[in-house]
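So the chains spell out like this:
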Amino acid sequence: MKAAPFEFARAASLAEACALLARHGADAKLIAGGQSLVPMMAMRLARPAFLIDINGAADMQGIEFSAETITLGAAVRQRQIERDASLAARLPLLGKALRWVGHAQTRNRGTLGGSIVHADPSAELPLAACVLDATLLLRDTAGETEVPAREFMLAPMVVAITPDQCLAAVRFPAWTEARTGCAFDEVSLRQGDFAIVGAAAQIALDAGGKCVRAALGTSSAPIPQAHAEIAQRLVGTSLDDAVIADAAADVARAVEPDADLHASAEYRRHLAGVLAKRVLMAARDEARGRR
Amino acid sequence: MTEKKHAVAIEVNGMAFQAEVPARLTLVDFLRDEARLTGTHVGCEHGICGACSVLFDSLPVRACLMFAWQAHGHKVTTVEGLANPDGSPSPLQDSFCETHALQCGYCTPGMIVAAHALLEENRSPSEADVREAIAGNLCRCTGYQQIVDAVQLAARRLGETR
Amino acid sequence: MSAAAGTGFRYIGKKRRAKEHPRFTAGHGRFVADIALPQMKHVALVTSPYACARIARIDAAKAHAVRGCIYVLTGKELCAAVDPLLVGVDAPLVKRFPLANGVARYAGEWVVAVVADSRAAAEDAAEKVEIEYQPLPYNVDPEKALDAAAPLVHPEHGSNLLYQREFVWGPVAEDFARAAQRLSFRARWHRSATVPIETFGVLAKWDAGRGILDVWASIQMPKFPDQTARALRLPGSAVRVHFDVDVGGSYGVKRGIKHAVLVGYLAKKLGFPVRLIEDRLENMRGGDMHGPDRIFDLEVAFDADATIRSLKIRALDDVGAYAGRAPLQLGKPVGAIVGPYRIGSVAYEPICVLTNKTAQEAVRGFGQSPTNFALETALDRVARHLGLDRVEVRRRNLIRKHEFPYLIPSGTTYDSGDYHAVLDKALAAAGYAELVATRDAARAAGKLAGIGISTCLEPSGGNSAFEPLFNPKNETTTWMDSCLVRVDLSGSITGVMNTSSAGQAHETLVATCVGEILERDPASIRVVRADSLVALPSNSPVGSRMAIMLGGAAAGAARKVRARLIAIAAHQFECSVEDIEYRDGDASLKGAPSRRLSWDQLVEIAHRKFHLLPPGIEPGLQEKFVWQVPTGGMLPTPEGRIQMYPCTSFEAHLVYVEIDRDTGRPSLQRYVCGHDCGVMINPDVVHGMTYGGIAHGIGAALYERFAYSDTGQLQSQTFMDYLMPSAIEVPALRIVDHCTPSPLTTFGQKGSGEAGYLGAPAAIASAVNDALAPLGAAIDELPMTPHDIWKQIKKKLR
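Quick note, the sequences are listed as chains A, B and C, same order.
Every number in this note's numbering is 465 more than the matching position in the first sequence, counting from 1.
Every number in this note's numbering is 7 more than the matching position in the second sequence, counting from 1.
Every number in this note's numbering is 30 more than the matching position in the third sequence, counting from 1.
The hints are simulated quantities; they were obtained by calculation from the structure and are not laboratory data.
Hints are not guaranteed to be accurate.
[As the list claims (entries may be wrong)] Residues on chain A that point at chain C, a partial pick, calculated with CB under 8 Å:
| id | residue |
| --- | --- |
| 1 | V652 |
| 2 | L654 |
| 3 | Y732 |
| 4 | L736 |
[To be verified] Some chain A residues near chain C, calculated using beta-carbon distances under 7 Å:
| id | residue |
| --- | --- |
| 5 | R636 |
| 6 | Q656 |
| 7 | A728 |
[Unchecked claim] Just the calculated beta-carbon pair ranges, DEER-fashion:
| id | chain 1 | residue 1 | chain 2 | residue 2 | range |
| --- | --- | --- | --- | --- | --- |
| 8 | A | R655 | C | D333 | 40 to 48 Å |
| 9 | C | G476 | A | G490 | 35 to 43 Å |
| 10 | A | D706 | C | F215 | 36 to 44 Å |
| 11 | A | P638 | C | A95 | 55 to 63 Å |
| 12 | C | L213 | A | A714 | 39 to 47 Å |
| 13 | C | C605 | B | T168 | 53 to 61 Å |
| 14 | A | A480 | C | Q745 | 53 to 61 Å |
| 15 | C | R344 | A | G754 | 58 to 66 Å |
| 16 | B | S131 | C | H637 | 54 to 62 Å |
| 17 | B | P92 | A | P613 | 52 to 60 Å |
Glycine residues also receive a C-beta, built at the ideal position from the N, C-alpha and C atoms.
Let the hints inform the model, and build the full structure from the sequences given.
The structure is reproduced here in structure tokens:
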């Protein structure tokens, strides 16, 4: 399984990557970790004539913290996210999602941006980005565009990016509430496989235990969904088991999953509800444990 | 149509290797066909089996998912480079021999690379740690039991020499 | 010479590192893809996208224009130049060639072979071959294959039925009539295989000057050189297969005849060495390495105390579009058709059908694992029906220790065993009573929890009498192996084995057995492999036969060497051979230890001092041993009774599973296997293969399936969809050993290369069904995915 022939260039910066994209247009693909792209090239399902390697673009690898946001360069490695203590403190859901992503070898090369742009419907990082209502910063030679993660995935492997654009960075809103908890869970056939269904939740409680902020999402194909309205209904409640069960039932009703070799639509729908409940409970319990 | 050749220089196991290769040549094919280090094996070419695992700048990666030119200027360590400086088997390699952690030997180089990386980071891994570290390396011969035993034995032996 | 229970041996049964390990841990193995010859060319395949289609036109013009493309071989050319490959049953009109011959009969079948300077260029050229297909009707449902309206996979054969027979052994009808109760059920073993991490590869080089085709391959196949030569219309002495290629796992599947014939033809035609290393897609779709795909319909007749009186077994297997040895996988289980139980009569109807799927070849156990799954399901169902404990039901039916050797209705005698002892050991090691309490507590807490049990046989020794059983025209009764032991002038010992290995540590086996007999350290004994032109007869490592057959041959050759050394000493001391004491390679006169000849002195006499040799003894010091499998050599009776494999190993599996009620996901939490393969020559090696077999079994039970769509497309053709267990999915495994030596073998050893795989799927199915039992649900289809399990839970919760 050898890839079809292609040529390449190395981009030393985001600007250079954009310039190369502008020059090569639809024939070009960016390559970062290659964990999703190269298998497709080996099977000749993807045949870019030109690869733009951004592994050396230092300005795409930064992690910046502000009071209200956390911005990660698109080429930040999954391994780095796993091990960064500040991210563990301020953006813990990403680390929890990464526990389900592939294996050590995958995460040593894979990047945040690569996973989001590849947009496999059951991938963990796109779901986390949706749930956390991240903003994707797209760049081309003309300038920068911001796209909410929740609007970025249009269909499996299809995202709202033009051939000239490069995902430069992902900006996450910071949750500053003291009593925050989050959880990521999935059902996959084996550890490290893509999920049959995944779910993620993050909630914040006030001192009295009432929910003041909530985010919830599931991936049951065709694209990850942030259940914004269902999450919003949790705000103001005490997130007791009955409330969570109702929310989970709402999630099961809201999803429209696909069927494939490994799971029927009905099973996925059922799992979406089961996992929504589990992640809400786990997030709530974690938050309750905080003062 | 002739494919363009690119000059690629990679330090493999401490030695410099140079070749002029097409863009699509993977790192694993470079190691096997250009550097003639056939210890690293090809099992699936789509990033699942782990037989092609090597250390890239000290971290285990799947060499079938990298192109050789991406490794230009970097350091790669293969199983052939994990022995002791005098060529004798490392404690990890010797532990694999001791616990019978291999049968056909095909997954073994990748398995040793993954285990080596674990032991560099974690000198007293639990059984769960070991299984997690080698979860990306499929073996069809051993059922993993004696491999786990080998890695934990190696950890103990490395601990003794500290 | 055999000693009871492994005691009294110096090297046999002791811990010993495998000789093979140093090269593999250093990365210095020599697999077929590691061998590069000057001017070597590479092959890539063009495969059929259709389940069935006529090949109307092939246009290779654009392929030829690709830089580096050397040759494009079509089926039309190849099929005229080579003979069809052998079919294991009597079906001469089911013709099989390495490339499709006018009609492609399964999606993924190899249609055109492209040869180029590199594999990449071969793939580039392969993409450019233009083929016009005319799709034909097809069928991928084995139960529809025998309908009158079913499209025929091989019209010349006249039907899709490849083999069918009704065997009746013992008074089945009477036993059913007399039994108090009966039940019937269906069990389905879906298609999977043991899928090695190394794909199949073969390299061939034609030496025109000598008229020899050199072949290096990743091979595990009886009569590979002969069948390759035959198909290529070459004399056997024109094909030299190099058995010293390391094989990256096979577990039955690497039969490779079609690959070798294809590459051999190309090498001879083109004058360059030609190499085909299957890529994973070629391997999964068209490598013909799929395993059994079987529907069992069973009827069990039993009494109120759970004594099983009789069985009726109908086994329908879908071998795909062609058949080499695969149909015979319905025949091997005849040799253990009642499992380890005292069942007095059996009716067995194997049916083998053709469909438009990838061809099967052979998989570890050669059909025994699916059969054990069906038998163990029967035991569990009887227990459940009667409300009796499943362990107790097995105790009542297991053959008793004092009943060995035990003749089963289909004509095979089981050599030895103590099944109750092994079962007891497994139960003790698993802490069975405590495990039951754990399970019950989990259930009380609302979980789904179950304990699985299986008690299964592993026939070993490889007397492949299923060949004449299923094809009376094939009167093959010779199942042999061999070894040559030589001692050189320096006194070094070399054992020469005559086949390939795929991780079974045969070099270590030979060195240990030779060392045991000659009383010399196995670490000092070199083991090499002959090539097929100089090899003594061998039938390859199949059917768990090598510990018995190669071990026996190595010991036999070593005994002859030892006898010669003793004769040389006796001649020097002018005494009879009975007066010689042989110890550690030195020979002395009994009662006069100062009259002694050392190993080196004996070797020197043998090689250089002809004047001191006893009359009639050959110069030098080398002996060969070629022998037939014990209890083999007979043809089946007209009723189809036959002594199959000589030795029966036994395994008792205990596994504890908890199932997530909401997701259906099973979690294996404790696994114990009691194992008895007689004397273990190398315990680590035996344990390793058992652990690996259990892992294969976990895969077959829970994860692995070659799934086909209704349009005959293989849906699980990469490792993204064909899921194999990693170190996370395989739990910690514990083996407890027992030893009932075989009375038939050199050291009391039995074979165990298929251990673990033969009982694990049955045990895991048993566990899942025990967990589902409180819901009144059951699954009798493997693999059992979380989705499958959840469907059963949901069905019953309504």
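Comparing the hints with the structure gives:
no.	hint	result
1	V652	holds (5 Å)
2	L654	holds (5 Å)
3	Y732	holds (5 Å)
4	L736	holds (6 Å)
5	R636	violated (32 Å)
6	Q656	holds (4 Å)
7	A728	holds (5 Å)
8	A:R655 with C:D333: 40 to 48 Å	holds (44 Å)
9	C:G476 with A:G490: 35 to 43 Å	violated (58 Å)
10	A:D706 with C:F215: 36 to 44 Å	holds (41 Å)
11	A:P638 with C:A95: 55 to 63 Å	holds (57 Å)
12	C:L213 with A:A714: 39 to 47 Å	holds (41 Å)
13	C:C605 with B:T168: 53 to 61 Å	holds (56 Å)
14	A:A480 with C:Q745: 53 to 61 Å	violated (44 Å)
15	C:R344 with A:G754: 58 to 66 Å	holds (59 Å)
16	B:S131 with C:H637: 54 to 62 Å	holds (55 Å)
17	B:P92 with A:P613: 52 to 60 Å	holds (55 Å)
The structure shown violates the earlier hints numbered 5, 9, 14.
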